[in-house]
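There are 2 protein chains.
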Amino acid sequence: MKHIINVIGMGPGEERFMTDEAKLALDDSDVIVGYGVYLDLLSERYKDKEFYQTPMKKEEQRCRYCFEEAVKGRRVSLICSGDAGIYGMASLMYEIGKEYPSCELFIIPGITAASSGAAILGAPLNHDFCVISLSDLLTPWEKIEKRLRAAAEADFAMAIYNPSSHKRPDYLARACDILLEIIEPNRPCGFVENIGREGTKSEVCSLIELRDKKVNMFTTVFIGNSTTEITDGKLITKRGYLIEVS
Amino acid sequence: MKHIINVIGMGPGEERFMTDEAKLALDDSDVIVGYGVYLDLLSERYKDKEFYQTPMKKEEQRCRYCFEEAVKGRRVSLICSGDAGIYGMASLMYEIGKEYPSCELFIIPGITAASSGAAILGAPLNHDFCVISLSDLLTPWEKIEKRLRAAAEADFAMAIYNPSSHKRPDYLARACDILLEIIEPNRPCGFVENIGREGTKSEVCSLIELRDKKVNMFTTVFIGNSTTEITDGKLITKRGYLIEVS
Numbered sequence: 342m343k344h345i346i347n348v349i350g351m352g353p354g355e356e357r358f359m360t361d362e363a364k365l366a367l368d369d370s371d372v373i374v375g376y377g378v379y380l381d382l383l384s385e386r387y388k389d390k391e392f393y394q395t396p397m398k399k400e401e402q403r404c405r406y407c408f409e410e411a412v413k414g415r416r417v418s419l420i421c422s423g424d425a426g427i428y429g430m431a432s433l434m435y436e437i438g439k440e441y442p443s444c445e446l447f448i449i450p451g452i453t454a455a456s457s458g459a460a461i462l463g464a465p466l467n468h469d470f471c472v473i474s475l476s477d478l479l480t481p482w483e484k485i486e487k488r489l490r491a492a493a494e495a496d497f498a499m500a501i502y503n504p505s506s507h508k509r510p511d512y513l514a515r516a517c518d519i520l521l522e523i524i525e526p527n528r529p530c531g532f533v534e535n536i537g538r539e540g541t542k543s544e545v546c547s548l549i550e551l552r553d554k555k556v557n558m559f560t561t562v563f564i565g566n567s568t569t570e571i572t573d574g575k576l577i578t579k580r581g582y583l584i585e586v587s
Numbered sequence: 342m343k344h345i346i347n348v349i350g351m352g353p354g355e356e357r358f359m360t361d362e363a364k365l366a367l368d369d370s371d372v373i374v375g376y377g378v379y380l381d382l383l384s385e386r387y388k389d390k391e392f393y394q395t396p397m398k399k400e401e402q403r404c405r406y407c408f409e410e411a412v413k414g415r416r417v418s419l420i421c422s423g424d425a426g427i428y429g430m431a432s433l434m435y436e437i438g439k440e441y442p443s444c445e446l447f448i449i450p451g452i453t454a455a456s457s458g459a460a461i462l463g464a465p466l467n468h469d470f471c472v473i474s475l476s477d478l479l480t481p482w483e484k485i486e487k488r489l490r491a492a493a494e495a496d497f498a499m500a501i502y503n504p505s506s507h508k509r510p511d512y513l514a515r516a517c518d519i520l521l522e523i524i525e526p527n528r529p530c531g532f533v534e535n536i537g538r539e540g541t542k543s544e545v546c547s548l549i550e551l552r553d554k555k556v557n558m559f560t561t562v563f564i565g566n567s568t569t570e571i572t573d574g575k576l577i578t579k580r581g582y583l584i585e586v587s
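Protein chains in written order, with my numbering: chain U, 342 to 587; chain C, 342 to 587.
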């Protein structure tokens, strides 16, 4: 019999953004593993469970713990914020899982910040779009830069994850400078902080204004495409190029 | 007082993939509006509600109905499959909503096929990615082609929506031919049909094999990036380029 490990996307934060599939998997677990900030968001409902957390950058240790517990016969769920497979732990779990052939992964999707942030701003991604992380911890900056340029040139709307951190406070400005080589300065943009958690705030602005906004690791940034407008404070991308509403 | 209309992403299908936020909004509605296929997926839980459906391509009529009912004081929810703001009705609702200033939209995100399909295949989008629709109903084909090229050249993983329909059975082959100008033929890919519904099936294959696969309007296609591998039948994209698991 295979040992099943759930890899769960919990969505942006509060329990009301989780799916039943995710909640039932957690109900059925002996131990819930994750980054502390996300474990803290889980409600009273799971207080009889054993929690295991590792700090940021200890993702591998966190994943290995899941397999070590699972092979003992314990029912394990690993939680990720947003979606399990969008900058989440699914990939690393499969990688490490090669060493644990008795274990099988069950990936449970969750609502990623591209969706939850867009819902707050209006409809900024309502056509083809790219999701790009500005974190160069595991990706060379040149690759990120190339993707920003490609996305701008092909007129994709964009959701930008990890736009800033303590160690790289100027990365959003650097990204905007690249986009401004291709996109007009007044292109409608927006950003959302603490989506689905206490202290949610959002703002719409132009690309040139975005350049100097203070953002942090809990901010998701949205860049409109050539059809995007700001109407009544909402950021709206048309769902096509051939549309007339009559 | 504003008349609130909920625009709800119901996720891939079955109720267990919906969030509490979506379900509570439906519970609180007098009338639920949507495309028939999706309304049919709603369970017994909502059987006391009034349903209103329009066929495909009658989206505008569907949206107008929501506003007309809302201004009468009825509580209205419009459901979309997947996410409300990813090829969903959010954008069109904002557009038509300009004519109904007493109404306000509340967008409730759902799990889009990029997330739910990826979870079935493994972790194909576990790094920067693009979402591209092959439907040229509202978008010139040249624009779609440009985006496919840009995505391939910048090494994005891709989720491809609407890869085929009765009227355009060869669009996936056309898209693959464009990608094959840039990407090697054995690039790992995959596709999922009927995600989260009866008859779910999935397959992994190479890009050249994908070219001749039979897909339909309920299929979502995934193209790996340069790090993507097929391992034990799962499609896995590395979460970075600088990783060694020790």
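It is possible that part of the hints are untrue.
Given that identical chains are not distinguished, each listed pair holds provided it fits within a single copy or across any two copies.
[Claimed, not checked] Each computed EDC-like pair below joins lysine to aspartate or glutamate, with the alpha-carbon atoms no more than 16 Å apart: (1) K575 / E436; (2) K439 / D573; (3) K398 / D496; (4) K575 / E544; (5) K575 / E445; (6) K575 / E401; (7) K343 / D573; (8) K399 / D371; (9) K554 / E410; (10) K542 / D518; (11) K439 / E570; (12) K413 / D371; (13) K575 / E525; (14) K484 / D496; (15) K484 / E391.
Worth flagging that the hints you see were computed from the coordinates, not collected in a lab.
Structure-based check of all given hints:
1. K575 / E436: Classified as between: cross-chain Cα gap 11 Å, same-chain 41 Å, threshold 16 Å.
2. K439 / D573: between (51 Å within a copy, 9 Å between copies)
3. K398 / D496: neither (34 Å within a copy, 25 Å between copies)
4. K575 / E544: within (9 Å within a copy, 39 Å between copies)
5. K575 / E445: between (43 Å within a copy, 11 Å between copies)
6. K575 / E401: neither (40 Å within a copy, 20 Å between copies)
7. K343 / D573: Close across copies (14 Å), not inside one copy (53 Å); limit 16 Å.
8. K399 / D371: So K399 and D371 fail the 16 Å test inside a copy (22 Å) and across (48 Å) alike.
9. K554 / E410: Neither way: K554 and E410 sit 44 Å apart in one copy and 40 Å across, limit 16 Å.
10. K542 / D518: So K542 and D518 fail the 16 Å test inside a copy (24 Å) and across (44 Å) alike.
11. K439 / E570: between (47 Å within a copy, 13 Å between copies)
12. K413 / D371: Cα proximity of K413 and D371: one copy only (12 Å, versus 50 Å across).
13. K575 / E525: Classified as neither: same-chain Cα gap 19 Å, cross-chain 41 Å, threshold 16 Å.
14. K484 / D496: between (18 Å within a copy, 9 Å between copies)
15. K484 / E391: Intra 40 Å, inter 51 Å, cutoff 16 Å: neither.
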